[in-house]
Structures are given as structure tokens and as C-alpha cells.
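**Q** Given the coordinates of chain U, assemble chain C onto it according to the supplied hints.
Protein sequence lines correspond, in order, to chains U and C. Those letters in the first sequence? Residues 1 to 331, per the working numbering, in order. Those letters in the second sequence? Residues 1 to 496, per the working numbering, in order.
None of these hints come from the bench; they were simulated from the model. Mixed in with the good hints, there may be bad ones.
[Stated by the list, open to error] Derived SDA-like pairs (lysine to any residue); straight-line CA-CA distance at most 20 Å:
| id | chain 1 | residue 1 | chain 2 | residue 2 |
| --- | --- | --- | --- | --- |
| 1 | C | Lys285 | U | His270 |
| 2 | C | Lys285 | U | Ala327 |
| 3 | C | Lys285 | U | His271 |
| 4 | C | Lys85 | C | Lys472 |
| 5 | C | Lys493 | C | Val192 |
| 6 | C | Lys85 | U | Leu111 |
| 7 | C | Lys85 | U | Ser126 |
| 8 | C | Lys285 | U | Pro267 |
| 9 | C | Lys285 | U | Gly275 |
| 10 | C | Lys85 | U | Trp100 |
| 11 | C | Lys285 | C | Asn236 |
| 12 | C | Lys285 | C | Leu261 |
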Amino acid sequence: MISRVADHCFWFGRYVERAEATARMLAASVSLALDAELPSSQVWRPVIVVSGEEDEFLERFAEADENHAAWGDGEIVQRFMVWDEANGVSLARSVVGARWNARSIREVLSLEAWEAVNELHLWMRSDAATANFAQHRETFYQHVRRSTQLTLGLLRSTMLHDEPLDFMWLGVLLERVNQTARMLDVHHHAFTNLPRRRASDADEVIETALWLSLLRGLSGSEAYLKRAAGRVSSQGVARFLISEQAFPRSIAYCVKSAYDRLCDIRPPDHHELPGGGALERLRVLDVWVRAREAEPLSGAGVHDLLTHVVDEVHEICGTLGSELLGAGRVP
Amino acid sequence: MSQSQSQSQGPLAGLFDRYPQVALPGTYDEMFDADKARPPFARVAALLAKMSPDELARAQQLAETALLQQGVTFSVYGDARGTEKIFPFCLLPRLIAAADWSPLERGLQQRLRALSAFLDDIYGEQKILTAGVVPAEMILGAAGYRPMLRGIKPPGGVRIHISGVDLIRDGAGTWRVLEDNLRTPSGVSYVVENRLISKRLFPRVFDAARVHRVDHYPTRLAETLRSVSPVEQDCNAVVLTPGPHNSAYFEHSFLARTMGLELVQAPDLIVDGDKVFCRTTRGPKRVHVIYRRTDEAFLDPEVFRPDSLLGVPGLMRAYAAGNVALANAPGNGVADDKAVYPFVPDMIEFYLNEEPILEQVQTYVCLFDEDRGYVLEHLDEMVVKAVDEAGGYGMLMGPQASAAELAEFRARIIAEPRRYIAQHRIELSACPTWIAERATVEPRRVDLRPYILTSREGPWVLPGGLTRVALKEGSYVVNSSQGGGSKDTWVMKETG
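Chain U with its partners taken away, still in its complex shape (with noise of 0.2 Å):
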């Protein structure tokens, strides 16, 4: 297929997927602070870190101040998140993209799958949109993530399964992947760092509650719980999060699915074919983490464990795109 189509596909992937891990975690925060009994800053705070855009943040609400009021105002932390046109990974600004890419290979995309990321899109700019989110928020985050799953949805039952939509879900494991592990890297450091007064029952039930919200952001609550048999752990988490091959979000699934899907579009044994340095890196990256499961995770570890699968996946995608989607050509 044509690169820069290949291009658009990857991308669309990955702003589809974006669109939702951002109303899922948004959701997840909004339920976290009425439950527990936190600073709000320690819910919120923890959203705009995973944005990676702490710094607009930073420069446009929160000054230098460490303590600043808006760390903690969810409203504040949610209308950038969701609203803000300066911010890069928004949720206005996934849909956009996700719809953008897709107008650019209108003729790849099925009719129903395409037409379920319009109305997004145009429902995002409807004044439906915005009353739904000032009245209704949890509605709204809900119709966010219904979009999104349809439109995944339909991708996969009403196209052809070839190299269009490999590279597609190949964007949305790798930013998957992104997601998942960021969220457990700003959320693991928080809570093994909470302000202990003592060993009590309530400290417990905080740190159970910031656990399940983390999980619930990920959509993984149930399917840690039939695996915990109901213990929940911040050593648990961590390592479903991590390892657990069988849950579509844990970082293993996503880099071995992902690795899967490169193989489709490039076979291992092809080495006439371009594309072949991204595959070896990410088969390797995927015998890495698989090889993590049997290492005990202590708090550093677990950062430093994360920090690795991220930067390995920001240099996978600069490989791809020069190989395969047509970045930096070669004539």
C-alpha cells in the first residue's frame, strides 16, 4: 500500500485509541474523587502528568507554584483535557486528528466505520456536545468511549483484514502500550509515596480505592479481580498491568499483538522488503518484557521498567515512519 495511506492509517489508530484511554481516564478521576478521601491534587494532578503536557499546563494555569489551587480543580484539569485547542492531546484534538486522518483515506476506510468517526467529530462540535458536558459529564465520557469502541468496532467487522487495517491497529497497540504503561508509572509512584500517617485500615481503603480507579481508568477492575481473586495490591496491579497476557491493555498483550501485526505487513524472512529494523526492535522490546514476569517488581523497577518500554516505543515509531510510512524519504 501507498506509504503516506499507511501513514494516515497508523495515525488514525493511534488518535482513535488516544480519544478514548483520555474520556477513560478523565471518567475514572471524576469517579475517584467523590470516592476517596484524597487532596484533590493527587487525583488531578496525576492526569495532566500522563498528558505529558505539564508544562502548558504549568505556564497557562498553575505558575511555578507546587501548590497552586489548580492542581486540584478538576474542572480546570478536565476542560483542558477535553476542550483545549493549545493542547496537543486533548480529546477535541484526538477527534480532529482521528477524523482528519480518516478524511485522508476516506476511500480505505469502510462507509460505516468512517461514518461513525464523522459523527463524532461533528458531535463534538454540536451544542449537544457541549450541554452533555456541562450537565451530564459521566454521559459524556460514556458517549466518547461508545464512538471510539464502535468505530474500533467496525474497523475490524467491516473491512478487509489486510495491511490498511493491520497498520491501523498497529497505531492503536502502540499507543496502547504508551497509555497503559504512563498511567501506571505517574499512578504507582503516588500512591507507594502517599503520605503514610500510620499503618491504618484507612490508609488501606485509600490505597485500595486509588487502585481500582486506576484500573477502572483502564478498564481492567474485573478482569484484575478474576485474576486476584479480589486482593488488590499495588505489587498486583503492577504486575497484571504489566505481564498479564491475556488483558487486551497490559503492556505485554499490546507489544506481542503489536509485534503480530508488523509481521503481517512485513514477514520476518521478507528481508528484501523495507521495514525491517522497526520489527527486530519490537520483537525484541516483546522478548524483553515477557522476560520481566519472572522478576520480582519493586517501587524503582517499576519506573524504570516503564521508563524503558516508553522509550522504546517512541523509537519503534520514528523507525516505522521512516521505513515504512514514508518519513524522510529516499527517492
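**A** Using the frame of chain U, we list chain C on its own:
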């Protein structure tokens, strides 16, 4: 008709209750003759009349929502937010009787055969100039004439693969050609999309009308493109678009999708050894036929615009070597120049030795002293057009123009006579049209753009076409850029 004259059981009751008996003075109403529907349309008119304005308003709303959600839109130029609009659409179909259609079809085929012969001649021996049938200065001075293409034979021998010829009906109902579009005519996607809506919203009326289908256009277009491939087997045809910012992007994408072809942009293509390749995820892939929807000035910077970064360097070398077919062929602009148009009937006689089947509109060529004198004297009665503009731009509607506009055009004509032609204003025919603001049906002026595909075997006319309607009351300008909309065009089958 007025309320008192309408009968509750009559064919014009209901939806057409308030429709005027004389649509517009001196104007041919296509559906009605005084208080009756024209005989071939009686059944359809009676069925449409049964619809209430409420039903129609609802249907119109549904249709517009569907178009927006499907992204059947055009981009508005100069809007930084990337606003897209739907092409306004009137649900009431424009009907064309079988008896009207067949001479049109033959006339269009004849016209395309003559125009093709003309282009072959102009980029070859130029016999028509030697014979003095058309003035050489007119042709060789046309902006669309590309002297560097002389002597190049297009692969498959076809130059006008896709054309759209604009037709109007005058006050007497006579069909006349208004202009030819032989470069990159647009609008055919709306023909197909509008039909989908009609079928969904009026299945019973549509069924009763016995209408020729139009949905096979993409299949015929794909066949046409394959027919001119420089290779026998495994022809790779692509659609070339300037990109999503182009106002007609929806159509480019629509055509690629419905033909199952790749939609490419110029940077996707490379030329190596006078062959064209596409950059793919598996390396370069040979391209044999390009349906290009880009302006020819941006095809190849080596040939047309050395200063331009747009286009595919070397494309014209590959074309000249016969390794890639371009649809349409570059250089066609010399044949659809508005100042060359008056000579098309002469071309038909010269190349085909036939009488022209289709009438034209009498045209004054400002380059000629006598014509220019007449135009300047009667400027306030004339429609003046720049020969190299389209879309309703660069145009003067004399009868509606202000004194300042008239003075400006007078000066322009005197300064650049080759750039202007003039015609008397034709009372374009009218069709019943749904006017949403007043929830009523009123007469509005229309034109018709049928699409003709020419393969190695010759021209084929899609039985249908884009009916454009001037939605503004009193307007004669049907272009979408000037407040025009479209209607589905129902070409009826022969009865019996």
C-alpha cells in the same frame, strides 16, 4: 396555480397547489404546461403531489443530515477551521423524457467525436487551421494550447476520457450546449449520491417513473481507464488528487473508493526510467493509468511550472514515452476554451461531415472587431464571460449589473479582447423546487451537466447527469460557489 383553480383530485393538487401557472415569463417550465403536468411526467407529478409539505420538509432534513454524516461535503476555501459544507440538494427530481434524451445522447456522442478529432488534429497536422475553418490565431493564442505537446500521441489514442458538457433549455424548451468541460469536470459523485437519496426517500415514485440507473458510472469509468492502459495485463490505475484541502476532495475519494483504486497525491509518485511508480510499504509499484484530478499546470514541474514544487517531476517524459496514460490528456484546454466553442459546429462538419445535432448559444467573440462592437453597444443585455474562468467567476450579467460593473467590463474587454466572449442572456428553463424557508414549491432555473466517458471504443453517455439549480429567487447562476444546488436527474426509459 391559485387556490381557487386547484382541484382536490387533480394532478396538481397537494404539493403543487401554489405553483404558478406561468412559471416565469418567457421561461420553459420543464414539469408543467399551464395547469397540467407534461404528459410523460403525469404519473410522477401526481404521486409527488400527494406528499404534504410536512413530509417533504422532514425528508429534506433527513437527506441533509445523511449527507453531512456521510461527509458528502465540499471544503470551503479560505476557511482556516476547515469548514465543510454539503452541496445544497433539492429533493424534487428533475425529469427528462425518453424522447428528449435520445437526441441529446446522440448529439453528445457526435460532439465528443468531433472534439477528439479536433484535439488530435491540433496536436498533430493542424489541418483545420490550414483549411481556414477556424482562425489559427484563435487556437494558437488560447491559454489552454500547449505547443510542447504537439506530436505526442496519448496511450490508447484517447484524450477526452471524461467530459461534462453543460446544457440548458431556452424559452422554447430547445436544448442548447452552453459550454464543454474537457479537463477535469467535477460533480459526478453527486449524481450517484443524489440518486441513493431519491431511492431511499421516494421508493414508490421512483419505481413508478422507470428511470435509467446511474450507479454503474464508477464501473464504466474504471473500464474506460483500463481500456487505455499501455500494458495488456495487470493494469494499475490510480486517482490523483491535490489532497483533502481541495474543494472536490470528497469526489476524488468517492471515485477511488467506488472503483477500488488507490487515491494518490503527487508526492506518492516517482518517475524512474520514464516509468511511473508509486511509493508503497513494499517499495515502488508501477502505475499505468492516472485519472488525474489535479490541474495540468501542476502535473510536472519540469514541463509546466519550473518554479513549482508541486507535481511529479518527469511525468510528462513518461507520458510522451507512452508508459503512462493520463486521463484526461493534458492540453485539452484548447478545445473547451469559451472562444473556441463557437466553432464546434464547424468542427463537426469538418471532421465528421455531419450536421450538428445539438444547438448552441449564439456567441460573440470579442477578439473579432464586428462582434466586439456589437457587445460593447449592447453590454447591458449581454452575459459576458472570461474564456479561461469557470465556476461562475469572471462573469458579467449585463441585465442585472450596476453602471460601475458595466464600465469595468467595458474597459476589460477593450484591454484584452481575446479573454472575453458574450452571449444574450438565455431564459434558462425552470423546475419545481422545494424552498425550505417558505415550505413551498416554486420554479427555479436549472442547467444540466451530462457526463460522457470515452474509451478506445468511443463515447458513452451516462443516462442522467448533474442538474444544478439556482436556488436564489430570480437567479440565473447555478454554480455551487454562487448559491446553486443540485437535483437528482431522472432520465426516463422508453415506454412499451
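**Q** Now tell me if each hint is right for this structure.
**A** Against the structure, the hints:
1. C:Lys285 x U:His270: The given pair, whose Cα atoms are some 17 Å apart, holds under the 20 Å limit.
2. C:Lys285 x U:Ala327: holds (18 Å)
3. C:Lys285 x U:His271: holds (18 Å)
4. C:Lys85 x C:Lys472: The given pair, whose Cα atoms are some 18 Å apart, holds under the 20 Å limit.
5. C:Lys493 x C:Val192: holds (18 Å)
6. C:Lys85 x U:Leu111: Roughly 19 Å separates the two Cα atoms, so the pair holds.
7. C:Lys85 x U:Ser126: Distance of about 15 Å is within 20 Å: holds.
8. C:Lys285 x U:Pro267: This hinted pair holds, its Cα atoms lying about 18 Å apart.
9. C:Lys285 x U:Gly275: Holds, at roughly 16 Å.
10. C:Lys85 x U:Trp100: Given that 20 Å is the threshold and the Cα spacing comes to 15 Å, the pair holds.
11. C:Lys285 x C:Asn236: holds (9 Å)
12. C:Lys285 x C:Leu261: This hinted pair holds, its Cα atoms lying about 14 Å apart.
In summary, this structure violates none of the numbered hints.
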